[in-house]
Amino acid sequence: MNRLKDSFRTLLRYPSAIIGSLIILFLLGVAVYALVTIPYGDAVRLWRGGEEVWYQNPKYAAPAWFNYFTSKKEPVSFTVDTAKGSMAKTITPNGQGISTVDITYSFDYKYDGFPQEMILYFTPKMVKKYPFVSAAWITPDGRKIRIVDMAVEYNSTFRFSQDQKLQTRLRTDNVMQALFADPKAKTPTPLKGQYQVVISGTTFEAGSDIDAQFVFHGQLFGLAGTDKYRRDLLLPLLYGTPIALAFGILGALGTSLLTMVIAAIGTWYGGWVDELIQRITAVNLVLPFLAILIMVGTFYSRSIWLMLGVTILLSIFSGSILTYRSIFLQSKELSYIEAARAYGASSSRIIFTYLIPRMIPLLIPALVSSVPSFVFLEASLAVLGLGDPVLPTWGKVIDDAFTDGALYQGRYYWVLEPAVLLMITGLGFALLGFALDRIFNPRLRDV
Amino acid sequence: MVQNNQLLRIEDLTLYFNSSQGPVQAVDGVNFGLDHNRAVVVLGESGCGKTSLAKAILRLLPRNAGTFTGHIYLDGQDIMPLNEEEFRQNIRWAAISMVPQAAMNALNPVMRVGDQVSEPAIVHLGVDKGKAISLVKTMFQHVGVPEDFISRYPFELSGGMRQRVAIAMALVTSPNLIILDEPTSALDVLTQANIFNVLKRLKKELGISFILITHDIATSSELADDVAIMYAGQIVEMSDAYRFFEQPLHPYSKKLMASVPRLHADKEPEFITGRPPSLINLPKGCRFAQRCTEAFEKCTQDPSDVKKDGRLVKCWLYS
Amino acid sequence: MVSVSQIIDNKTIENPRKTILSVDDLHVWFELKRFGFGHAGYVKAVDGVSFDIHESETIAVVGESGCGKSSLLKTILGLYKPTKGKIVFDNKNLSELDNKGLHWYHSNVGYVQQDPYGALAPFMTIQKILEEPLIVGRIKPKANRIERIHKAMEEVKLTPVQDFLQKYPHMLSGGQQQRVVIARAMIMEPKFLVADEPVSMLDASVRVEILKLLSNLQKLHNLSVIYITHDLSTVSYFSERIFVMYAGNLIEKARVRQVLDHPLHPYTIALLTGTSEPDAKNAETYKELPPGEPPSLVNPPLGCRFHPRCSKMIAGKCDVEEPPEFAPDSGHLVKCWLFE
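Protein chains in written order, with our numbering: chain A, 46 to 492; chain B, 15 to 333; chain C, 641 to 980.
Source of the hints: derived by calculation from the structure; they are not laboratory data. Any given hint might turn out to be false.
Unchecked claim - Taking lysine to aspartate or glutamate and the EDC-like style, the derived pairs with C-alpha atoms no more than 20 Å apart in a straight line are:
id, chain 1, residue 1, chain 2, residue 2
1, C, Lys-927, B, Glu-282
2, B, Lys-214, C, Glu-924
3, B, Lys-217, C, Glu-928
Claimed, not checked - Quick look at which bits of chain A chain C covers, simulated, 3 or more residues with Cβ under 8 Å:
id, segment
4, 265-273
5, 279-291
In this text, a Cβ means the ideal position worked out from N, Cα and C, and glycines have one as well.
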């Protein structure tokens, strides 16, 4: 225990260790947060997506904070709902079972660009007689534009840009531009100021009601933006963290420990055991790792746990066995091992109580430094189309972006966000790994 | 010990190393002198700073060297103010060379020994390869290595042979002074005795002076004309070999001599209780006082060097 | 003719001490493999060694590197199997012991190694290090083991015991580390100790301390000790008999005083010449030493193995036939044709 405390204190002397550890702690924090706030079932369901899940989001929206970095400010998406109280609604009974439902929403528009779309969802509540709504649009310069008059029998959706009557009324196909443009400007420029959506509904029965949801698809959305399927990219970024960490750490841990134990056994017993292990290693080095993974993925299953298992299996007989073997061969001749044989310790005792604990300080830096390669492996598999079919991972995001030609379309955020996370992960573990290496390998140490 | 025209005179040499726990006072105000064609042995136990003394003289300082002050007069000229390039060209290996500890393991395993030994000659004397090899042959003759070993690799030689090669490498530029750091500690008795025969012959035939650094008191007498005892970074006694081995003055020297096991023993050897002080946390006053059976109140002050019949001793008992 | 010294020597014959270990014509040969198949000869590390060790006796085995003393030692420890010949301990032949028997043998021999720091696992506390042989030796329960550990630490004078038990080897000085090694060797209360150059890596002033400790322990526990060293000057303090080993053979065996005062074999004489005493006159004289180096153990010279370096070699005899053991003096055996 004391040695751990000492090592820890020495660790703090290296800035690289501190930065690396902070990065890893940050990632662990994100992972824990993701697992706690998004249960597994939800994550899978949300990722599978679908219109009902993600309808509130625009497609291909960049993150909202882009506006801090651009001179041309794009509109940010939002949604308001009378059912949730974010949009004001008043019901005024007018006698004889007829009531007027007034719903108003005003918002400030200070952007330089036009939104993608606006949608009104109406949810009526009635028994027999369906309510009637009419919606109007009030611009900052006082123009009132009639949007729609319709009867709401079922849950209805009104898409501003796709309504033919509105298009005709505005004399243009581009409804968004028509609604937001400054009439006095020569080129289409949005008029800044306060806009209002005014919905006036009439219900014909006592107890009837209308709920409305106003969905504004700007060009930007949320913290991470959206992809082609309107999915909030924050989900795979958050949820991908524990997956990446798990894959990386388990892969590194499993491989390192097993490799070490196998090397120890082979070296200690020598003879045909050692020869066998070396031959297996030689054959394994030649086997095409990725090709085998592709085969397994294509013909069997792409489940991430299976991929992890096969990866570990193929990695334990790697070249590092030979490294451990040379260290063990040296250690075998050490005086205290000889002393142990002299007082009659059994082979297994020597391997597990003397040889392997000696290896652990050498193992730890190698282990930590190898985590990033497993994390990247997971991402690589996803990009190759072998990613786990149900889980939201960083690699899958990159894969989707790649398939959709995101870079050609200028949608850099889609690729950069998971890429940056991958790089940070790699950086964190690499920094920590280097610092650990200097501690545990005194020859590399600064005095 | 003659004052003028001494080959080497060291005054107040100090070398501290930086460490995470504070300065390591490895060499702390060392004074001594060495005449031409004489051998002085610096005796001390591990951790007393004797290897650091060798490195200080040759300015082979590690990265964490801190304070490095004092004067080293070689043939009357102070070599401390020389800059690195001058020192490298004129002093290191040209005037003073060194056979480091475990020198036989310091031979480059992928170079033939002949090539290795000729390197200093090519670099410092500026001779061409042919002349260098003939120098190597001469040196091999001096140290007793057969000529055909020139084309061999270090692993083909035994430990004793490799040590002789290392000595030849220190000799090849005909320096006036060779520093030997534990030259025979890893070698067998007969090999050790052979190496000392070689060193004695070199001293007699080539007039070289030696500084021999070792903890082995018995073998040191094979070469020593003068003896210096080092303890906790300081020289606590310096004397000619005859008088030292007969009658050491400093309490530490007495205890050291008493601890040497002898072939024909009349009494049991003694041992010294306790441990030498750490060079980072040195005690105030005399550094040996804690373990000294003859300590008294004055020992809480740093003792000064006392001259007694041409011998030097750092002890209040003699002032 | 019985001389005074012989009368004193005969005391040993009249009160014979029990023989603890008997080594009979021991050969330990290692096969040299060529490219993993076939062999290229044998390294004959131990080539015909016989001796007896008695109860409470210390024997020094002196020799230079490459003479085979390490292999001899390791075979006695049970780490190597003899190629020929036998080692008998407590009337049991080592080569015939099964695993359980070997286990019993191991608990009867203590091993003190040369490098005190290397001999202790750096990641274990002193307590754990000392507990290991007890655990392997199946000493139960734990309280019993702790008691033994405390006793062993007190015997090697590492007190206060509690302070040291929780430390790691690198926190101790060389002398202290070696005491731990000795404590570990003693902890199973063995019948004899094998000490391989136990003080050669320690400072000069500490060597004496450790040798004294070993000597006291030996008297206290009636231990037999095999003390392997290349430093002849320590032998007289700590041994009764000396065996001089050269190229796999024991070429001289005698009591310490006999060897130091009247060495017989030319190699022994060379060793004594080569050993220095602190005397300033040494700087003025060259030592007379045999030329050359110890032979390879793969192809030792025919006949007496020392003959190529021996100034007193008898041509036609020494280079043809290996000398048997002669006993020119009571208790003093030498393998040299000069004493036929």
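Tested hints:
The hinted pair formed by Lys-927 of chain C and Glu-282 of chain B fails the criterion: a straight-line CA distance of about 27 Å is larger than 20 Å. A threshold of 20 Å between alpha carbons decides the hint, and for Lys-214 of chain B with Glu-924 of chain C the separation of about 8 Å falls inside it, so the pair holds. Taking the CA atoms of Lys-217 of chain B and Glu-928 of chain C, the gap is near 18 Å; set against the 20 Å cutoff, the hint holds. Counting residues of the segment 265-273 of chain A whose beta carbon lies closer than 8 Å to any beta carbon of chain C gives 0, which falls short of the minimum of three for the stated coverage.
Remark: the segment 279-291 of chain A is not confirmed as covered by chain C, as 0 of its residues place a Cβ nearer than 8 Å to a Cβ of that chain, below the required three.
When each numbered hint is compared with the structure, violations occur for hints 1, 4 and 5.
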